[in-house]
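Participant: The residues making up each chain are set out below.
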Amino acid sequence: MNLGISGRVALVTGASRGIGRAIALALAKEGARTIVVARSKDLLESVKKEMSGGQGRHICIPLDLQLADGPSRLNDILNENGVAPEIIVHNLGGSLGVTQTFAPVDDWKTVWHFNVGVAHELNRLLIPHMIDRKWGRIVHLSTLATSTHDGYAAYTSAKSALDGYVKVVSREVSKHNVLLNAIAPGLVYLEGRHYAKLQRENPEELEKYFDNHLPMRRMASAEEIATVVSFLCSEHAAYMSGSIVRVDGGGH
Amino acid sequence: MNDHIVIVGASSPLATSTTQAFLARGEKVSLIGRSCPPSIADLQLAGKVVFYSFDLESYNAVPRLVKNVAKEGGQITRLCFFQRYRGGKDPWAGEYAVSLRATEKIIDEFGSQSSSADDRSVVIISSPADSSVALEQPLSYHVAKAGLGQMIKYYASVLGPAGIRVNGVRPAIVLKPRAKAFYDKNKELVALFNRVTPLGRMGCPSDIANAVVFLSSNEASFITGQILSVDGGLSVHERASLARLAASGFNKKLVDARWKQK
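Keeping their order, the protein sequence lines are chains A and B.
Residue 166 in the working numbering sits at position 166 of the first sequence, with consecutive numbering throughout.
Residue 222 in the working numbering sits at position 222 of the second sequence, with consecutive numbering throughout.
To be clear, the hints were calculated from the coordinates, so they are not data collected in a lab.
A portion of the hints provided could be inaccurate.
[Claimed, not checked] Calculated lysine-lysine pairs in the DSS-like style (CA-CA distance at most 27 Å, straight line):
(1) Lys-29/A <-> Lys-176/B
(2) Lys-253/B <-> Lys-48/A
(3) Lys-29/A <-> Lys-48/B
(4) Lys-41/A <-> Lys-67/B
(5) Lys-253/B <-> Lys-187/B
(6) Lys-28/B <-> Lys-48/A
(7) Lys-71/B <-> Lys-49/A
(8) Lys-71/B <-> Lys-48/B
(9) Lys-41/A <-> Lys-71/B
(10) Lys-176/B <-> Lys-48/B
(11) Lys-28/B <-> Lys-134/A
(12) Lys-105/B <-> Lys-67/B
(13) Lys-49/A <-> Lys-153/B
None of the values given here were measured: they were computed from a predicted structure.
Turn these sequences into a full structure, and let the hints guide you.
Facilitator: This is the structure we're talking about:
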């Protein structure tokens, strides 16, 4: 299926590895001029090397978006490059290892900023351009844990807030053909992560997890997540706004 | 050696037609534009062109972009400019940035890149509004097109020694695909255009594309600093005469009588 986004400008945060990387590659394959942002220049360059459709037109921006001036610096760099994203995938996010339910306040704030604040700051700076052009697609990455409620408190509550953010903001901008949605991935196989290790080291426990939670009995690949994200970024998702799309293999 | 053509202002239907004409000749084409029209998007997906989404209002960022385009697609040999300001803000600031400064910055960067090509060229799309008044267009557009006319001559002079030719193409009436419905509804206007144009029809995008391709080819190797009107001969008519003829309903007898007298 031609997604109708060839030639559009797409921005992917947290694009150097895993799901973000898969999303960046998928959008580039659909012909989008893809801007990838993450901290590591080397990893970004290696993502760019795999991108389709004229590598030179894609842009790597090594930047720490968690820094106080990260989003505004990104905006400056985009302006300097003469590009205004028409598609944004806010893949940046994670628990940052803050696992305690009663985590120190600073840690709590950091996790919330990482998962909600940065995306909001970028939207605030970049959505006006989309409204001007009457075309925009924004996809936030939520998590299955916002419906199962089994996750770390700071992370899961931040993602739950993000779901609310997507629903509220989408109502405000959808009349301009600027569409905000989110996906909620379930268990994704990512090298180096807990469940990848489990599969190698303790497959019995993983089987037990499948028995209880995941009838499909396998993890998603990053590419399977990226496919749904690409769809939400496409011309075909024109009537989707404020949706939180579960991509969880039917898990719970 | 094959050409690497950079087309600026990809959303113009004339740019699409010119792209197709260059591709038909087996040339490599890169395009720069604010937004990507479906025709170009399809070519990009098929791997036939590379499209760089870029807002020319940020003209200071243009040299970096042009370097990038050359790095990616190889030495640039031809530039073709189709852009105009289409934003909704101040049209003066917009035309100044998009029509004039962006063109200047791109040509400067192109001129400074080293080249092994014998013949390099620039073609800028002009308009009858560069020297006449077209009241359906804003003043800023007229001034921009007039300015580009001088830019063509100036760059022809300074870049000639480097083997770069700079010319313009001045279309008049072109039937663009997106205006087809309008003209289908306004048959009388089409009949009038056909009547006042010596070649008896409106232009089509490929008429313009062919002229751009010609001026961008070795066949035009000794032509520089010129603006070629590609208008089916429309501009040869004296305006007051056209007005009189139109008022007479193009009285055939009147025209035929004079023609026979020579």
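Participant: Run the distance test for Lys-28/B versus Lys-48/A: straight-line Cα separation, threshold 27 Å.
Facilitator: It holds: about 22 Å lies between the C-alpha atoms, which stays within 27 Å.
Participant: With a cut-off of 27 Å on the C-alpha distance, tell me whether Lys-49/A and Lys-153/B pass.
Facilitator: Answer violated: Lys-49/A to Lys-153/B is near 42 Å, above 27 Å.
Participant: Has the given pair, Lys-41/A with Lys-71/B, been kept, meaning a C-alpha gap of at most 27 Å?
Facilitator: Status holds; Cα separation ~19 Å.
Participant: Compare the distance between the alpha carbons of Lys-71/B and Lys-48/B with 27 Å, and conclude whether the hinted pair is satisfied.
Facilitator: holds, 17 Å
Participant: When you check the alpha-carbon spacing of Lys-28/B and Lys-134/A, does it fall within 27 Å?
Facilitator: violated, 32 Å
Participant: What's the verdict on Lys-71/B and Lys-49/A, does the C-alpha distance respect the 27 Å limit or exceed it?
Facilitator: holds, 14 Å
Participant: Are the Cα atoms of Lys-176/B and Lys-48/B separated by 27 Å or less?
Facilitator: Judged against 27 Å, a Cα distance of about 23 Å means the pair holds.
Participant: Keeping to a limit of 27 Å between CA atoms, is the pair of Lys-29/A and Lys-176/B held or broken?
Facilitator: Distance ~31 Å between Lys-29/A and Lys-176/B Cα, so the pair is violated.
Participant: Tell me if the straight-line CA distance from Lys-41/A to Lys-67/B falls inside 27 Å.
Facilitator: Roughly 20 Å between the alpha carbons, so the hint for Lys-41/A and Lys-67/B holds.
Participant: If you draw a straight line from the CA of Lys-253/B to the CA of Lys-48/A, is it 27 Å or shorter?
Facilitator: violated, 70 Å
Participant: Check the hint pairing Lys-253/B with Lys-187/B against an upper bound of 27 Å on the C-alpha distance.
Facilitator: holds, 24 Å
Participant: Given the hinted pair Lys-29/A and Lys-48/B, is their Cα-Cα distance within 27 Å?
Facilitator: holds, 14 Å
This entry does not satisfy hints 1, 2, 11 and 13, going by the numbered hints stated previously.
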